[in-house]
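**Q** All chains should be modelled from the sequences, with the hints used to inform the complete structure.
The primary structure of each chain is shown beneath.
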Amino acid sequence: MTGVIEVRDLTVRYSGATALDGVDLTVHAGELVALIGANGAGKSTLVKVLSGLVHPASGTITVDGRLAQVPEGREMFGDLTVDDNLRLGGWRNGRKGRDTTHVYDLFPDLIPIRARRAGALSGGQQQMVAIGRALMARPDILVVDELSLGLAPLIVTTLVGHLRSLHADRGLAVLLIEQNARLALDLCHRAYVLESGRIALHGAAADLARDPRVAAAYLGGHVPVTP
Amino acid sequence: MTAGLLRPASAAGTGRAARWWLAGFTILGLALPPLLPERHLATFVLFALTATVTVGVSLLMGYAGQVSLGQAAFYAIGAYAAGLLAVHGVPSLLGLLLAPVIAAVAAVLLGAPLLRLRGHHLAFATLAVQLILLSLLAQADWAGGAIGLQGIPRLTILGYELREDLGYAYAASLVLALAVLIARNVIVSRAGRALRAAATSETAAAASGVPIGRYRLAVFALSAAMAGLAGGVYAYYLGYLSPGSFPVLLSIEFVVMAVVGGLGTITGPVAGAAVVIVLVQVLNTLATRPGMPGYAPAVLSYAVYAVVLILCVLYLPKGLVPALRRATRATAPDRRQS
Amino acid sequence: MSDLVGYLLTGLGIGAGFALVGSGLVVIHRVTGVVNFAQGSFAVLAALLTSTLLGAGLPHGVAEAGGVALGAVAGLIVGVIAIGRPGTSPGTSLIVTLGLGVLAYAIEVLIWGDQPRSFPGLTGVAEIGGARIPAHYLLIIAVAAPVFLFLAWFFARTDLGRALSACSSNRYAARVVGIDVRRMGLLAFLIGGALGGLAGVLTTPVQQVTFDSDVVLIVNGFAAAVLGGLTRPVIALAGGLLLGVAQTLTAGYGGGAYQVEVALVLMLTVMIVQAARTGGIPEPAR
Numbered sequence: 001m002t003g004v005i006e007v008r009d010l011t012v013r014y015s016g017a018t019a020l021d022g023v024d025l026t027v028h029a030g031e032l033v034a035l036i037g038a039n040g041a042g043k044s045t046l047v048k049v050l051s052g053l054v055h056p057a058s059g060t061i062t063v064d065g066r067l068a069q070v071p072e073g074r075e076m077f078g079d080l081t082v083d084d085n086l087r088l089g090g091w092r093n094g095r096k097g098r099d100t101t102h103v104y105d106l107f108p109d110l111i112p113i114r115a116r117r118a119g120a121l122s123g124g125q126q127q128m129v130a131i132g133r134a135l136m137a138r139p140d141i142l143v144v145d146e147l148s149l150g151l152a153p154l155i156v157t158t159l160v161g162h163l164r165s166l167h168a169d170r171g172l173a174v175l176l177i178e179q180n181a182r183l184a185l186d187l188c189h190r191a192y193v194l195e196s197g198r199i200a201l202h203g204a205a206a207d208l209a210r211d212p213r214v215a216a217a218y219l220g221g222h223v224p225v226t227p
Numbered sequence: 001m002t003a004g005l006l007r008p009a010s011a012a013g014t015g016r017a018a019r020w021w022l023a024g025f026t027i028l029g030l031a032l033p034p035l036l037p038e039r040h041l042a043t044f045v046l047f048a049l050t051a052t053v054t055v056g057v058s059l060l061m062g063y064a065g066q067v068s069l070g071q072a073a074f075y076a077i078g079a080y081a082a083g084l085l086a087v088h089g090v091p092s093l094l095g096l097l098l099a100p101v102i103a104a105v106a107a108v109l110l111g112a113p114l115l116r117l118r119g120h121h122l123a124f125a126t127l128a129v130q131l132i133l134l135s136l137l138a139q140a141d142w143a144g145g146a147i148g149l150q151g152i153p154r155l156t157i158l159g160y161e162l163r164e165d166l167g168y169a170y171a172a173s174l175v176l177a178l179a180v181l182i183a184r185n186v187i188v189s190r191a192g193r194a195l196r197a198a199a200t201s202e203t204a205a206a207a208s209g210v211p212i213g214r215y216r217l218a219v220f221a222l223s224a225a226m227a228g229l230a231g232g233v234y235a236y237y238l239g240y241l242s243p244g245s246f247p248v249l250l251s252i253e254f255v256v257m258a259v260v261g262g263l264g265t266i267t268g269p270v271a272g273a274a275v276v277i278v279l280v281q282v283l284n285t286l287a288t289r290p291g292m293p294g295y296a297p298a299v300l301s302y303a304v305y306a307v308v309l310i311l312c313v314l315y316l317p318k319g320l321v322p323a324l325r326r327a328t329r330a331t332a333p334d335r336r337q338s
Numbered sequence: 001m002s003d004l005v006g007y008l009l010t011g012l013g014i015g016a017g018f019a020l021v022g023s024g025l026v027v028i029h030r031v032t033g034v035v036n037f038a039q040g041s042f043a044v045l046a047a048l049l050t051s052t053l054l055g056a057g058l059p060h061g062v063a064e065a066g067g068v069a070l071g072a073v074a075g076l077i078v079g080v081i082a083i084g085r086p087g088t089s090p091g092t093s094l095i096v097t098l099g100l101g102v103l104a105y106a107i108e109v110l111i112w113g114d115q116p117r118s119f120p121g122l123t124g125v126a127e128i129g130g131a132r133i134p135a136h137y138l139l140i141i142a143v144a145a146p147v148f149l150f151l152a153w154f155f156a157r158t159d160l161g162r163a164l165s166a167c168s169s170n171r172y173a174a175r176v177v178g179i180d181v182r183r184m185g186l187l188a189f190l191i192g193g194a195l196g197g198l199a200g201v202l203t204t205p206v207q208q209v210t211f212d213s214d215v216v217l218i219v220n221g222f223a224a225a226v227l228g229g230l231t232r233p234v235i236a237l238a239g240g241l242l243l244g245v246a247q248t249l250t251a252g253y254g255g256g257a258y259q260v261e262v263a264l265v266l267m268l269t270v271m272i273v274q275a276a277r278t279g280g281i282p283e284p285a286r
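Chains as they are written, first to last, in the numbering used here: chain A, 1 to 227; chain B, 1 to 338; chain C, 1 to 286.
Calculated directly from the structure, the hints in this document are not laboratory data.
So these bits of chain A aren't anywhere near chain C, every CB distance computed over 10 Å:
{"id": "1", "residue": "ASP21"}
{"id": "2", "residue": "ALA29"}
{"id": "3", "residue": "ALA215"}
Computed, partial: chain C to chain A, Cβ under 7 Å:
{"id": "4", "residue": "ARG162"}
{"id": "5", "residue": "ALA166"}
{"id": "6", "residue": "SER169"}
{"id": "7", "residue": "ASN170"}
{"id": "8", "residue": "TYR172"}
{"id": "9", "residue": "ALA173"}
{"id": "10", "residue": "ARG175"}
{"id": "11", "residue": "VAL176"}
{"id": "12", "residue": "VAL177"}
{"id": "13", "residue": "GLY178"}
{"id": "14", "residue": "ILE179"}
Where is the CB? At the ideal position from N, CA and C, for every residue including glycine.
**A** Set out below in structure tokens:
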């Protein structure tokens, strides 16, 4: 069975330095997959390759279906309104694809602030706009780069809930790139661990969560006690 | 500051190559003028003076990292200073020595507020300064107004009056050699290296305690002094100055030559000025042949400046001299500097 | 009093020209980060072509439209050369547009010669508030005002305008949502060219044009644009009008001298104050 995303033997170099080295990664249709790793492990590079913003030195990437990205740091159009931010998310889909109703249905919290400047919103609101903007592309797979970064735990819980229901209701596949390994392993089915540009480990999220190496490096040394 | 600015660094790599170039230039500057036919001597004087200003522009752009679109203003200040002093009876040699000083003082006064600006803001600010100067000169009756300053005496050195073009060719050569020598010392100095670092990361250089602001102002003043000195020779050589002699296009020409030769190199501006001036002269000769329309020289020289600048910036961004140096190094790897 | 009204109206007419050049600069700078030095050339090219078309017997309106179209095409060409190569930095692009401005000199002198040109605009004299001013100044204001309203509507209310704003707001995010940033940059150059061209055809009947008139236009346009930090078109508009009025007032009450200096000194002051306010680069401790 092939996936929505198929990455084979991907190598990326930035002016000589190797950022990704022979990475293999698969996301199947309707699957929640986590990519965890420390700062500088190459996670963001992988996202940029998937979005076509960086060209690989070698290897293949196949994306079957529509991919939309929630970029790290939210990357709002700060001087534009929430509504304009969302509409621009549907830029590729033409005029008809810029109807924002389905996003407001999903995030009713955005309705009262739809005319506000996106740059003036709180981090949690911005992350909601960023997810909504990505959903405007009507994607089959959502690549979420650092969902929890800089957000309060309560807000992260809400956002995770949204991702769960998107997956459950619409069969959306998600590739979640996260520094918070506990959150990622908790939400996702499978996970990959990226270290210095290579895939160090991969497998079922539950298995990885019990793996002492993962626990030591990414979960603060405590193996979660799960039945 | 001056000690730091002028102390040569121990790194001899650029120094040794530059010394050969300097020797070559000096021989060329001394041997070439007598061999040139009379009508080409004027071109040679023009070349040497233009190259002198370009050395300063190259230093400013390559080391202070700033585009100046108003360098002709300092050329004009030097020329008018020398011209006015001479017209009012000041010995011409003293006038020539004062010209760069006055230009540098003007640069310090203008630079103190203006060098807070960066990039395109500074480019437009320097352009504005030149336009203001031209407008003021055109309205200043004491400087000849729009008609110009006439009757400037010729340059007299130790009782010997320079009447022939040959004398001015030597004077211009001397001025150019001086500018190149000073530029070389600045480039290999501690301040030069600090400025080069600042051109890439200003905050890092500032954080390391380098007085970038003062160095930058010093380079600005130095480049103005070079322009002023060349302007002084220009005033005595032509004997007549008007605001129209210093158009904005002249400032752009200096930038073209500096970019073509290679910013922040020692020989680049000289090579750039030579290439552009020879090219324009050759095309001028073609354009003034019988049968060519009257506008041909202007059209061709504009086209040369434009095309050379655009092609260089896009395809040879480091300039002619560094590109040639790379090419020769590729064929002779043993001469690679350590 | 009637003098003042006259100066104000002619100032607004001249200022509208600066504002058009300035807002063209702002549109291009917002989207591409490039300060387009060739902006004044669009006005000169458009004015020169219009004079030729009118001379060939084309009616007013058609000839001016031809001029504006040439400005837009010239804008696009400048854009292709200045930002067409991937990885061209805005600083490099500035030098390239500088070169293209000089190249425009060659083309203009080749086709139209180096003598000043003009063409008749709206003839007649209007009397407003006791002031008699050439009617063409009112035409400039009457054309420029709806153009600015259209621009405001275009950038705020159309998806294409939003996409252009998106490029200036966050280039990376624009690429993430699939906006072709380079193509938007070229569109900005096209719009900038048309705005420059419009400035040229509108102001030439009251201020004749030579191939090197672009310097005055670009400097005044930049002065207008810099008031709004090169990013806010509305302030560029206000800045242009202010400059125009300030210049006619100085010329009117100051006897014709020093009107160039007014704009330039104003521009220098604004830039230095802005640099001081934003702090610029911190001076190292002595």
